[in-house]
Amino acid sequence: KEMTVRDALNSALDEEMSADPKVFIMGEEVGEYQGAYKITKGLLDKYGPERVRDTPITEAGFTGIGVGAAYYGLKPVVEFMTFNFSMQAIDHIINSAAKSNYMSAGQISVPIVFRGPNGAAAGVGAQHSQCYASWYASVPGLKVLTPYSSEDARGLLKAAIRDPDPVVFLENELLYGESFPVSAEILDSSFCLPIGKAKIEREGKDVTITAFSKMVGYALQAAEILSKEGISVEVINLRSIRPLDRAAINASVRKTNRLVTLEEGFPQHGVGAEICASVVEESFAYLDAPVERIAGADVPMPYAANLERMAVPQIEDIVRAVKRVCYRSVPLAATA
Amino acid sequence: KEMTVRDALNSALDEEMSADPKVFIMGEEVGEYQGAYKITKGLLDKYGPERVRDTPITEAGFTGIGVGAAYYGLKPVVEFMTFNFSMQAIDHIINSAAKSNYMSAGQISVPIVFRGPNGAAAGVGAQHSQCYASWYASVPGLKVLTPYSSEDARGLLKAAIRDPDPVVFLENELLYGESFPVSAEILDSSFCLPIGKAKIEREGKDVTITAFSKMVGYALQAAEILSKEGISVEVINLRSIRPLDRAAINASVRKTNRLVTLEEGFPQHGVGAEICASVVEESFAYLDAPVERIAGADVPMPYAANLERMAVPQIEDIVRAVKRVCYRSVPLAATA
Amino acid sequence: DSIITVETSIPFTGHNIEPPSRTVETSSFELLTFFKDMATMRRMEIAADSLYKSKLIRGFCHLYDGQEAVSIGMEAAITRKDCIITAYRDHCIYLGRGGTLVETFAELMGRQAGCSKGKGGSMHFYKKENGFYGGHGIVGAQVPLGCGLAFGQKYNKDEAVTFMMYGDGAANQGQLFEALNMSALWDLPAILVCENNHYGMGTAEWRAAKSAAYYKRGDYVPGLKVDGMDALAVKQACKFAKEHALKNGPIILEMDTYRYHGHSMSDPGSTYRTRDEISGVRQERDPIERIRKLVLSHELATEKELKDIEKEIRKEVDEAIAKAKESPMPEPSELFTNVYVKGFGTESFGADRKEVRAVLL
Amino acid sequence: DSIITVETSIPFTGHNIEPPSRTVETSSFELLTFFKDMATMRRMEIAADSLYKSKLIRGFCHLYDGQEAVSIGMEAAITRKDCIITAYRDHCIYLGRGGTLVETFAELMGRQAGCSKGKGGSMHFYKKENGFYGGHGIVGAQVPLGCGLAFGQKYNKDEAVTFMMYGDGAANQGQLFEALNMSALWDLPAILVCENNHYGMGTAEWRAAKSAAYYKRGDYVPGLKVDGMDALAVKQACKFAKEHALKNGPIILEMDTYRYHGHSMSDPGSTYRTRDEISGVRQERDPIERIRKLVLSHELATEKELKDIEKEIRKEVDEAIAKAKESPMPEPSELFTNVYVKGFGTESFGADRKEVRAVLL
Ligand SMILES: Cc1ncc(C[n+]2csc(CCOP(=O)(O)OP(=O)(O)O)c2C)c(N)n1
Ligand SMILES: Cc1ncc(C[n+]2csc(CCOP(=O)(O)OP(=O)(O)O)c2C)c(N)n1
Ligand SMILES: [Mg+2]
Ligand SMILES: [Mg+2]
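Chains as they are written, first to last, in this note's numbering: chain D, 1 to 336; chain R, 1 to 336; chain G, 1 to 361; chain C, 1 to 361.
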């Protein structure tokens with residue numbers, strides 16, 4: 001059986017709302033319009049306007065209200081139409097949500113989910129294409145999840161809503177319409193994935209690729225191409241950027257001895273940089289080649305189709321980088 | 001001759017305002033109160049309220065106004081009382097300032113400086129202690145400067161004000177009162193430092209430490225201690241986090257073969273991670289030991305003095321890390 | 001060209017201010033220009049709709065048809081020393097400020113000849129030399145930015161004003177209230193133009209605002225409610241507002257207007273409002289038809305002459321599209337230009353940094 | 001305990017609402033409690049000032065002396081099912097909600113016995129079981145947060161209200177207007193309490209606000225101006241506001257009050273206002289002296305008895321300080337607790353990650 005990511009998210013919301021009356025959803029166009037991207041379709045009809053709350057276009061205000069409601073013990077799911085708009089509310093996400101449990105020595109927990117599409121879509125230009133994974137995942141107190149497949153979407157969103165801490169849940173608009181196979185287990189309403197655990201999407205022995213969100217699909221496609229050339233690629237779907245599954249990443253690199261990191265966001269201080277640092281810290285002696293980093297170009301997102309294509313990783317970029325880590329003569333490897 | 005960082009900043013502002021009538025300063029308490037930290041002392045008297053503009057406590061609004069004024073061709077210097085409050089205005093810094101020149105293909109340049117104290121101070125708790133260097137420096141379109149000494153403060157602030165692009169200028173409250181020697185050249189009103197160039201604060205041959213802002217002083221103190229134990233440390237004052245002086249960092253590591261990165265901010269996706277990735281990418285074969293990363297603890301800033309001390313790097317942390325990279329037996333080095 | 005005197009459709013309503021007179025002066029030339037310019041805008045937006053459907057325009061595309069009188073009336077009252085800034089619904093504002101059809105279509109299709117060389121896209125048009133500062137995608141952000149332009153005008157003693165356009169949805173944004181307070185404290189020549197088309201995406205004004213009287217929302221700042229479907233009323237109001245702003249600081253103009261299209265191309269625009277509502281506005285309040293009637297009733301042109309103008313416009317638009325299509329995509333090297341004005345010779349990176357990098361000059 | 005009837009110092013002024021009567025009912029017990037509680041707050045803040053000067057308190061420290069009547073009067077009108085949220089000037093609000101002197105001083109000195117175990121500091125006090133939600137350092141942020149608490153009260157049908165306190169400086173923040181609009185749209189039981197002490201740091205209200213009539217700044221939301229130095233007026237207003245909010249949604253209470261100290265410890269508080277202004281308020285409007293006079297004029301206690309109470313308080317405060325000083329600094333392991341409620345066994349790092357790391361449970 002197959003299910004789109006959109007339906008996976010929708011069903012996860014539906015099931016958690018039905019299981020826990022404290023769960024409610026708020027955001028722009030989530031109700032009568034059925035969601036700007038239809039993730040909340042049908043929920044207003046089913047749960048009514050008290051629990052599916054259309055808001056004005058006032059992110060700072062409604063995010064603050066959501067966080068306050070979480071202080072009070074409700075379990076809000078706050079939708080940002082896209083995460084670009086979360087910048088208007090970022091002070092509440094960081095200072096009001098992430099830090100409260102710590103500042104209050106555990107008195108004020110903040111069980112809230114901030115969700116919506118993140119990163120590049122198609123043709124929407126510089127102000128609507130930013131990836132916020134590395135920013136949010138730098139902040140202690142937050143958990144940051146990045147689903148790829150329908151399994152991820154269902155399992156991680158349910159985990160996020162049940163979690164007692166603030167979770168930033170980064171979806172991808174271009175994945176909403178994609179279908180993935182789903183088992184009976186995944187479809188069961190009790191299904192839930194652990195936070196902080198990566199998934200080996202494809203096992204391999206020559207090189208490790210770490211990826212999250214849409215880039216997992218690209219990594220898998222690159223791995224398929226490379227397998228035909230005799231290179232066995234292990235693809236890690238990070239699923240959680242904070243906590244980052246350092247153990248899984250390092251275990252894989254200790255096996256393959258080579259690493260390519262992949263992400264759509266800006267490169268500097270990105271997820272790839274952190275993974276590189278983590279592997280250098282914990283598995284330096286196992287690295288047979290320099291870590292290769294594939295990331296969004298270091299420019300604001302251009303609109304023109306040809307430039308936009310250059311601004312985000314393409315499968316050929318991944319293939320090329322993998323070949324470099326595998327074949328290039330590396331002085332250290334040579335002497336080892 | 002000596003000069004405090006406060007006076008260095010104040011004199012730089014004064015000179016640039018006197019040189020260019022387009023330069024004005026705005027922010028909370030910059031005028032009649034003479035600056036919350038007295039950086040703008042005397043400027044209101046000298047330049048009047050049109051050019052030294054006290055604002056209400058409305059960061060989103062006044063930052064937007066500043067950026068708009070820069071669109072129009074003025075050269076605003078926007079003071080945040082601390083950079084923690086810049087989160088209320090971050091959408092304007094990123095979407096309105098950093099991206100405009102690109103989106104308009106060069107029509108709308110944004111000659112603006114955002115400045116104020118950044119990072120940990122003393123005893124001000126979780127909401128007033130965050131370091132924003134890695135966030136801002138991840139964004140193409142911004143330049144991010146981090147002065148340490150009075151020379152830096154003068155030279156970089158003057159460069160920032162004269163620069164045609166948006167500059168995020170991260171000061172440190174605990175450095176304001178520190179004095180540094182200044183030469184006649186530094187005191188000359190024509191003095192200016194290049195953006196994007198690091199400074200070797202201390203030459204050494206055994207290990208490289210990269211640092212910025214207050215941590216440069218800590219690195220220098222650690223280097224002094226280590227020199228007594230026969231370890232020669234090269235200390236790089238990054239000065240600019242974006243553009244990052246990758247050439248200077250890599251040149252140093254190619255000489256010393258060992259690297260410790262140092263910063264006060266959160267570790268994940270931090271400046272240290274980027275520097276580690278950059279060195280792995282460009283100088284992997286030169287590394288004789290895993291890169292060591294010293295950073296702020298991965299927790300919100302606690303208030304209690306003992307915990308706060310544990311939450312930011314101390315000189316003994318640096319000394320310990322340097323010893324580890326220098327003495328630890330590294331398998332790769334051993335086989336090389 | 002003799003002066004023609006016309007009454008506005010309805011009286012202005014003032015908040016904390018005495019509204020201007022309903023009697024507007026115009027001329028044959030002005031009315032015919034209004035007609036031609038609005039018809040061009042209308043045709044341009046309809047053509048953009050088709051280009052989008054044939055996948056030549058990507059991403060978002062927010063059309064202005066129905067709201068033309070706001071741009072046209074405003075331009076008739078001001079000069080190009082005055083500044084305008086708006087949101088993402090910017091194609092016609094750009095045209096009103098002297099942009100060309102070719103630049104518009106080329107930008108929409110992401111071509112070199114576009115007003116932002118194809119790098120900005122539909123939401124990011126600018127024409128700085130004529131006082132147009134964009135083209136902004138973040139709801140509400142353009143209001144403080146516009147107050148900043150007004151700050152610049154006052155700082156430079158330019159005796160000019162800035163019009164910042166925002167929607168009924170944007171009218172609830174906090175940064176608007178922050179900017180308004182500072183504009184009032186500092187007497188900035190800032191004119192906040194709320195284009196109330198009664199919906200922010202799929203949300204009717206009253207569902208998003210406890211008080212949908214946007215001209216009153218400035219509280220201590222005066223406001224004026226204007227029929228935004230009547231270009232002459234808009235002209236009168238903007239003239240009045242400019243005089244006010246130069247002397248007394250900020251003022252809010254609420255333009256009662258309507259968008260015929262959905263919010264952007266993915267919105268059919270018919271789930272949250274009735275077809276009757278839309279056709280009712282078209283029949284009774286259409287800004288172009290209002291001018292057509294005035295032209296005919298004053299016998300400034302015949303029905304046939306107006307139809308010929310429209311035919312001519314159709315041709316112009318088609319020619320512009322053809323020309324825009326001839327313009328090539330940007331050079332790949334453009335990926336790295338304009339990140340900075342001054343790049344200091346530092347390196348910038350593509351997705352595969354080992355293969356694609358550039359030195360920023 | 002018989003009922004005593006008192007007139008408030010001045011009448012209330014309403015905005016979009018009929019104000020309550022000036023006649024307030026109180027009792028001997030209430031007046032003596034007001035006196036004792038306010039005198040305790042006053043003494044506590046003076047003691048904090050000394051502790052700061054002897055370097056036992058670090059960082060910021062925002063004192064409440066002068067404003068005590070706001071907390072005291074509010075508490076007299078509400079229950080602990082009602083919520084309160086405030087900014088950084090939070091010590092006395094905490095005390096009013098049932099916090100202790102020892103917890104206060106211990107937190108100020110960063111000790112284990114502090115209300116946030118020493119991890120929050122001066123600006124971050126909470127007492128959730130009594131409906132006190134902090135203690136927030138970012139100007140304005142507590143207002144939407146408070147509306148969120150009110151949202152929760154309404155969602156849970158708790159028939160309780162939330163008081164969110166903010167300063168005259170904070171009153172210009174955009175997020176306040178955003179939250180107010182939603183509170184009004186959704187009829188939230190939200191009471192916005194503007195503690196107008198006439199200065200935001202060094203900025204006089206009129207320099208930061210075009211309209212300093214904060215009780216009117218809600219525009220379409222009703223408001224009431226209250227003498228915040230008169231605890232009985234505050235009580236009357238809060239009672240009135242609670243009834244209103246439960247039935248009709250949000251309301252703004254502007255409390256005209258005064259802070260005697262500077263903004264925080266680094267501000268002498270004397271560069272932007274005259275010493276005469278401060279001593280004038282002390283002499284004519286001091287909230288404790290007002291109650292003292294009432295107690296004496298109604299012969300509820302003698303001057304000597306009141307002095308004895310004050311002496312007693314002095315002792316209590318000194319004892320609390322001594323006790324707080326005995327409390328140790330937090331255990332080093334506390335660095336890593338409370339980052340999450342649920343840490344999933346992931347590792348967290350100290351500055352030197354190879355030496356200091358912890359598993360988060
Ligand atoms: C801060 C922010 N939030 C949400 C959006 C998504 N969005 C784009 S336009 C829009 C509706 C705006 O309505 P209105 O202000 O009435 O302008 P109109 O589109 O009617 O011209 C929304 C919600 C955005 N661009 N920015
Ligand atoms: C967003 C933000 N900007 C600036 C500050 C610094 N700051 C702290 S308190 C304060 C003054 C607030 O004045 P007011 O709201 O009148 O409250 P009061 O201190 O008088 O109680 C300022 C500017 C801050 N904490 N948060
Ligand atoms: Mg609208
Ligand atoms: Mg105040």
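Misleading hints may appear alongside valid ones.
[Said to hold, decoys possible] In silico lysine-lysine, DSSO-like type, Cα no more than 27 Å apart, as pairs:
| hint | chain 1 | residue 1 | chain 2 | residue 2 |
| --- | --- | --- | --- | --- |
| 1 | R | 197 | G | 342 |
| 2 | C | 342 | D | 197 |
| 3 | G | 311 | G | 325 |
| 4 | G | 36 | G | 325 |
| 5 | C | 354 | R | 323 |
| 6 | G | 36 | R | 255 |
| 7 | C | 157 | D | 197 |
| 8 | G | 325 | G | 342 |
| 9 | D | 41 | G | 53 |
| 10 | R | 38 | C | 55 |
| 11 | G | 323 | G | 36 |
| 12 | G | 325 | G | 315 |
| 13 | D | 255 | C | 342 |
| 14 | G | 216 | C | 128 |
| 15 | C | 354 | D | 22 |
| 16 | R | 323 | R | 205 |
| 17 | G | 247 | C | 239 |
| 18 | C | 247 | C | 53 |
| 19 | R | 197 | G | 354 |
| 20 | C | 323 | C | 81 |
| 21 | G | 342 | R | 199 |
| 22 | D | 46 | C | 81 |
| 23 | C | 81 | D | 22 |
| 24 | D | 323 | D | 205 |
| 25 | C | 247 | C | 311 |
| 26 | D | 38 | G | 53 |
| 27 | G | 247 | R | 22 |
| 28 | G | 342 | R | 22 |
| 29 | C | 247 | D | 22 |
| 30 | D | 22 | C | 323 |
| 31 | R | 41 | C | 53 |
| 32 | D | 205 | G | 354 |
[To be verified] Listed below are several chain C residues computed to face chain G (Cβ distance under 7 Å; list not exhaustive):
| hint | residue |
| --- | --- |
| 33 | 185 |
| 34 | 262 |
| 35 | 297 |
[To be verified] Some, not all, of what chain C presents toward chain G, calculated at C-beta under 8 Å:
| hint | residue |
| --- | --- |
| 36 | 174 |
| 37 | 175 |
| 38 | 217 |
| 39 | 220 |
| 40 | 260 |
By construction, these hints were calculated from the structure, which means they are not laboratory data.
Ideal Cβ positions, reconstructed from N, Cα and C, are used throughout, including at glycine.
We went through each hint and held it up to the structure:
Distance check on the hinted pair: residue 197/R and residue 342/G sit about 14 Å apart at the alpha-carbon level, within 27 Å; holds. Pair hint residue 342/C plus residue 197/D holds up; C-alpha atoms about 14 Å apart against a cutoff of 27 Å. Restraint check: the Cα-Cα separation between residue 311/G and residue 325/G comes to about 21 Å, which is no more than 27 Å; the hinted pair holds. Pair hint residue 36/G plus residue 325/G holds up; C-alpha atoms about 24 Å apart against a cutoff of 27 Å.
Distance restraint check for residue 354/C and residue 323/R: the Cα-Cα separation of roughly 12 Å lies within the 27 Å cut-off, and the hinted pair is therefore satisfied. A distance of roughly 71 Å separates the Cα atoms of residue 36/G and residue 255/R; the hinted pair therefore is violated under the 27 Å criterion. With a C-alpha separation of about 39 Å, the suggested pair residue 157/C and residue 197/D falls outside the 27 Å cut-off, and the hint is violated. For the hint pairing residue 325/G with residue 342/G, the CA-to-CA distance comes to about 32 Å; that exceeds 27 Å, so the pair is violated.
Our distance criterion of 27 Å between C-alpha atoms is met by residue 41/D and residue 53/G, whose separation comes to about 25 Å. A C-alpha spacing of about 22 Å is found between residue 38/R and residue 55/C, which places the hinted pair at or below 27 Å, so the restraint holds. Straight-line distance between C-alpha atoms of residue 323/G and residue 36/G comes to about 21 Å, which keeps the hinted pair within the 27 Å bound. Distance check on the hinted pair: residue 325/G and residue 315/G sit about 15 Å apart at the alpha-carbon level, within 27 Å; holds.
A C-alpha spacing of about 31 Å is found between residue 255/D and residue 342/C, which places the hinted pair above 27 Å, so the restraint is violated. The straight-line distance between the Cα atoms of residue 216/G and residue 128/C is roughly 39 Å, outside the 27 Å bound, and the hint therefore fails. The straight-line distance between the Cα atoms of residue 354/C and residue 22/D is roughly 41 Å, outside the 27 Å bound, and the hint therefore fails. Note on residue 323/R and residue 205/R: the hinted pairing holds, with a Cα-Cα distance of about 14 Å set against a maximum of 27 Å.
For the proposed pair residue 247/G and residue 239/C, the alpha carbon gap of about 45 Å is over 27 Å, so the pair is violated. With a CA separation close to 48 Å, the supplied pair residue 247/C and residue 53/C exceeds the 27 Å bound. Note on residue 197/R and residue 354/G: the hinted pairing holds, with a Cα-Cα distance of about 22 Å set against a maximum of 27 Å. For the suggested pair residue 323/C and residue 81/C, the alpha carbons sit about 30 Å apart, so the restraint of at most 27 Å is broken.
For the hint linking residue 342/G to residue 199/R, the alpha-carbon distance of about 21 Å falls within 27 Å, and the restraint holds. For the given pair, residue 46/D sits about 31 Å from residue 81/C by alpha-carbon distance, which is inconsistent with the 27 Å threshold. The suggested pairing of residue 81/C with residue 22/D holds, with an alpha-carbon distance near 19 Å, which does not exceed 27 Å. Between residue 323/D and residue 205/D the alpha-carbon distance is near 14 Å, which keeps this suggested pair within the 27 Å criterion.
For the given pair, residue 247/C sits about 44 Å from residue 311/C by alpha-carbon distance, which is inconsistent with the 27 Å threshold. The hinted pair formed by residue 38/D and residue 53/G meets the criterion: a straight-line CA distance of about 21 Å does not exceed 27 Å. Proximity of residue 247/G to residue 22/R is assessed by CA-CA distance (about 23 Å); at most 27 Å being required, the pair is judged to hold. Straight-line distance between C-alpha atoms of residue 342/G and residue 22/R comes to about 19 Å, which keeps the hinted pair within the 27 Å bound.
Only pairs whose Cα atoms come within 27 Å are accepted, and residue 247/C paired with residue 22/D is accepted, the gap being roughly 23 Å. With a C-alpha separation of about 41 Å, the suggested pair residue 22/D and residue 323/C falls outside the 27 Å cut-off, and the hint is violated. About 25 Å separates the Cα atoms of residue 41/R and residue 53/C, which keeps this hinted pair within 27 Å; it holds. Note on residue 205/D and residue 354/G: the hinted pairing holds, with a Cα-Cα distance of about 24 Å set against a maximum of 27 Å.
At its closest, the beta carbon of residue 185/C sits 5 Å from a beta carbon of chain G; the interface hint therefore holds under the 7 Å criterion. This hint is violated: residue 262/C has a C-beta 24 Å from the nearest C-beta of chain G, more than the 7 Å allowed. Against a cut-off of 7 Å between C-beta atoms, the interface hint on residue 297/C is violated, since the closest Cβ of chain G lies about 41 Å away. Taking 8 Å as the C-beta contact cut-off toward chain G, the hint placing residue 174/C at the interface holds, the least distance being around 2 Å.
The beta carbon of residue 175/C comes within 5 Å of a beta carbon in chain G, closer than 8 Å, and the hint placing it at the interface holds. A cut of 8 Å between beta carbons decides the hint on residue 217/C: the least distance to chain G is about 7 Å, and the hint holds. With 8 Å as the threshold, the beta carbon of residue 220/C comes within range of chain G, its nearest partner Cβ sitting at about 4 Å, so the hint holds. Hint status for residue 260/C relative to chain G: violated, with the closest Cβ pair at about 28 Å, above 8 Å.
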